[in-house]
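A.B. asks: Sequence:
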Amino acid sequence: MSVEEMNKLEPGEPWDFLLSNVQTWMSAALTNDETCLDGLNVVEEGPLKQGIVKRAMLIKKYTSISLMLVNFLKDGTIQHQSRGLQSHKDGSVHPNEGS
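Just so we're aligned: 6 in UniProt numbering is position 6 of the sequence shown, and the numbers increase by one with no gaps anywhere.
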């Protein structure tokens with residue numbers, strides 16, 4: 001659905017509303033990824049669980065990267081949560097406010 005929304009964008013058209021929708025959907029997808037992984041905590045260890053966790057972690061990684069790119073398109077910044085840094089379109093990197 002997000003790709004479909006982004007394909008609706010026209011040159012010169014305000015992107016904010018559509019990109020806000022995409023951010024919402026990507027955030028929900030990331031939450032679903034985390035919920036899936038949390039649910040696997042009660043599953044008995046074994047090769048099947050290992051395979052599922054490995055794939056779920058990969059999906060979560062790609063979802064997170066996709067959300068980061070959408071945030072960059074909308075806000076012009078990329079959040080580096082683990083480092084408390086923020087990258088700007090001009091290439092500069094600054095500490096996040098409140099970090």
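None of these hints come from the bench; they were simulated from the model.
Please note that the accuracy of each hint is not assured.
Stated by the list, open to error - The calculated BS3-like cross-link candidates involving lysine-lysine, where the alpha carbons are at most 30 angstroms apart (straight line), are: (1) Lys8 to Lys60; (2) Lys8 to Lys49; (3) Lys49 to Lys60; (4) Lys74 to Lys60; (5) Lys49 to Lys61; (6) Lys61 to Lys74; (7) Lys61 to Lys8.
A.B. asks: Next, verify each hint and record whether it holds.
C.D. replies: Consistency of the hints with the structure:
no., hint, verdict
1, Lys8 to Lys60, "holds, 26 angstroms"
2, Lys8 to Lys49, "violated, 40 angstroms"
3, Lys49 to Lys60, "holds, 16 angstroms"
4, Lys74 to Lys60, "holds, 21 angstroms"
5, Lys49 to Lys61, "holds, 18 angstroms"
6, Lys61 to Lys74, "holds, 20 angstroms"
7, Lys61 to Lys8, "holds, 26 angstroms"
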